[in-house]
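Top to bottom, those sequences are chains Z and S. Residues in the first sequence are numbered from 1 upward in steps of one, following the working numbering. Residues in the second sequence are numbered from 1 upward in steps of one, following the working numbering.
One or more of the hints may lead you astray.
DMTMM-like, lysine to aspartate or glutamate: derived pairs with alpha carbons at most 20 Å apart [unchecked claim]:
id : chain 1 : residue 1 : chain 2 : residue 2
1  : Z       : K149      : S       : E372
2  : S       : K243      : S       : E163
3  : Z       : K87       : S       : E163
It is worth saying that the hints were derived from the structure and are not from the lab.
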Amino acid sequence: MSDPSASATAGGEQGKWAIEIAALNKWYGDFHVLRDINLTVVRGERIVICGPSGGGKSTMLRCINRLEDWQGGRVIVAGKELTDDPKQILAVRRDVGMVFQQFNLFPHLTVLENCTLAPIWVRHMPKKDAEELAMRYLRRVKIPEQAAKYPALLSGGQQQRVAIARALCMSPHIMLFDEPTSALDPEMVKEVLDTMVELAGDGITMLVVTHEMGFARQVADRIIFMADGQIVEINEPKAFFEHPQHERTRLFLQQILH
Amino acid sequence: MAVADRIYLREAPASALPAPVASTGLLGWLRTNLFSSPGNIALTVICVALSIWIIPPLLRFFIFDAVWSGADREACLPTAQVPEPGACWAFVRVWSSYFVYGFYPVSERWRVDLFFILLAFGIAWLAWLGAPRRDIGALYFFIALPIMSYALLSGVPLLGLPEVPTSLWGGILVTIVVATVGIVGSLPLGILLALGRRSAMPAVRLLSVTFIEFVRGVPLITVLFMASVMLPLFVPERLAPDKLLRALIGVALFASAYMAEVVRGGLVSIPRGQYEAAGALGLSFWRMMALVILPQALRVTLPNIVNTFIGLFKDTTLVFIVGIFDFLRTIEAARGDPHWATPVTSVTGYSFAAVFYFICCYGMSRYARNVETRLARAHRR
Numbered sequence: 001m002s003d004p005s006a007s008a009t010a011g012g013e014q015g016k017w018a019i020e021i022a023a024l025n026k027w028y029g030d031f032h033v034l035r036d037i038n039l040t041v042v043r044g045e046r047i048v049i050c051g052p053s054g055g056g057k058s059t060m061l062r063c064i065n066r067l068e069d070w071q072g073g074r075v076i077v078a079g080k081e082l083t084d085d086p087k088q089i090l091a092v093r094r095d096v097g098m099v100f101q102q103f104n105l106f107p108h109l110t111v112l113e114n115c116t117l118a119p120i121w122v123r124h125m126p127k128k129d130a131e132e133l134a135m136r137y138l139r140r141v142k143i144p145e146q147a148a149k150y151p152a153l154l155s156g157g158q159q160q161r162v163a164i165a166r167a168l169c170m171s172p173h174i175m176l177f178d179e180p181t182s183a184l185d186p187e188m189v190k191e192v193l194d195t196m197v198e199l200a201g202d203g204i205t206m207l208v209v210t211h212e213m214g215f216a217r218q219v220a221d222r223i224i225f226m227a228d229g230q231i232v233e234i235n236e237p238k239a240f241f242e243h244p245q246h247e248r249t250r251l252f253l254q255q256i257l258h
Numbered sequence: 001m002a003v004a005d006r007i008y009l010r011e012a013p014a015s016a017l018p019a020p021v022a023s024t025g026l027l028g029w030l031r032t033n034l035f036s037s038p039g040n041i042a043l044t045v046i047c048v049a050l051s052i053w054i055i056p057p058l059l060r061f062f063i064f065d066a067v068w069s070g071a072d073r074e075a076c077l078p079t080a081q082v083p084e085p086g087a088c089w090a091f092v093r094v095w096s097s098y099f100v101y102g103f104y105p106v107s108e109r110w111r112v113d114l115f116f117i118l119l120a121f122g123i124a125w126l127a128w129l130g131a132p133r134r135d136i137g138a139l140y141f142f143i144a145l146p147i148m149s150y151a152l153l154s155g156v157p158l159l160g161l162p163e164v165p166t167s168l169w170g171g172i173l174v175t176i177v178v179a180t181v182g183i184v185g186s187l188p189l190g191i192l193l194a195l196g197r198r199s200a201m202p203a204v205r206l207l208s209v210t211f212i213e214f215v216r217g218v219p220l221i222t223v224l225f226m227a228s229v230m231l232p233l234f235v236p237e238r239l240a241p242d243k244l245l246r247a248l249i250g251v252a253l254f255a256s257a258y259m260a261e262v263v264r265g266g267l268v269s270i271p272r273g274q275y276e277a278a279g280a281l282g283l284s285f286w287r288m289m290a291l292v293i294l295p296q297a298l299r300v301t302l303p304n305i306v307n308t309f310i311g312l313f314k315d316t317t318l319v320f321i322v323g324i325f326d327f328l329r330t331i332e333a334a335r336g337d338p339h340w341a342t343p344v345t346s347v348t349g350y351s352f353a354a355v356f357y358f359i360c361c362y363g364m365s366r367y368a369r370n371v372e373t374r375l376a377r378a379h380r381r
């Protein structure tokens, strides 16, 4: 599915960087949650972000589509700088898909309607085309047979896969995953991770906040370790797990890999 | 403890047995619901006794001993044969067209009938969830119907419909017009106010809060007085809008303040994740509200919205205070008719009014219950 509006806004020459974060600082009241974050992500790169909870991982991720605002620094996504301008924010959000820890499906809409809502109302796609597109992605996440059901009737794993399909229906260039498996029962983690691994083979830019170190090892191009609102270490998976450079990283890895 | 007591392995599956007879069927139901304990038995006996005490006299008064036909008060007066006559329905029958139309000219009353039919059609279209093309139904109800109704009831001399001043309108016609305008006007206005109250823009928030708190802080009668007595003081008499229109605006504004608080309760109950998910998909504020947030919020608040509607429907009786002849006022006027002066005239008139209001309000309540259960079944959360 080639989407004319998407390619027009992104342009062939949006620059080499999918995401550029420069000197990002954010406070919740007096609490300094993000401290001088600098990060550039190349198009097609798959990044896993890990670290202790409260370290600012999710907050940083949520700055990329401006679900959070900030007090200092710049975030540029696909050549568009995120400012207070709502038009600019909506333009970025159209091209950035997000998957949440709590799925956040719309409970009053069926699975299919969840997937077609944004293509119809944001991309102005005819309903029939949107439904075809949605069915294609639902088949991809392996639940086309649930299309007519309401989300509440699905298991957690199925709901999360619908959420992934819903995000993909907007043909995003970048996908953000905010702890996609943390709210799932253990036996459902695998089906969601498998979907994400398959997606990673597509060349879509992915940023994943997760504690699934197996997934990180298998899929990530780079792993970012965050603690206390700072990026402590960025490394390639092999080096990250075998020769972590920073003391904090070593300590963290010791605690989660027994 | 022996090893055999600590370790267990089922050898044969336990098959399902039928439930004991005493716990199912009519007998079981009676036993568990009406006669389960001494307290429950006492309550059952008291309720049965109360019903026996209250219901038969009511039936006797309103049905068996009631007078159904007659030309004037003679029919309903106590006589030697009937020392205690029942309700005087003959009075209601004779006055019924006044109760429905007020002083609306007799030759033009077909317009009111047509209005009732058009309105009933619109309500049925919207209320029946499985109806075809409900989007057109909404357009009909919210745009076409108000225009047609205004033309019909008020008159358009150009189209051969003579003008009927609202001072001649009365009875059920006025009650229905006031209630419908109040209900239809207050919902969108209330939604806007609720959104305004939660707005990120302080000026919008301040305006909404001021309006809501001010209107909620004064009685409806005050609002009606303001609309009908104070307004002409500021606007020259010939520019001042019609008396009924002023009351309509007053009622709609008053109801919208209550509606705003009801809707706000629904908005608060929607988890933040819904806003974030809708935002992350690139939906603009109004689309997010219209497609994701409000459908859920209104569903949650449906019982409260209907509750407000029911309150509003009964509050319409207050418009009599600014000289508008609503249904209750027409009964009030008719019961003073010397031709029908009997001991039971007032009781009958008021009972008739009670039945009318009860049917309307209970209808709304039942409908809301139905919709609620249907939605609950469809989208179990």
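Tested hints:
no., hint, in the structure
1, K149(Z) / E372(S), "holds, 19 Å"
2, K243(S) / E163(S), "holds, 16 Å"
3, K87(Z) / E163(S), "violated, 51 Å"
Hint 3 from the earlier list is the only one contradicted by this structure; the remaining hints agree with it.
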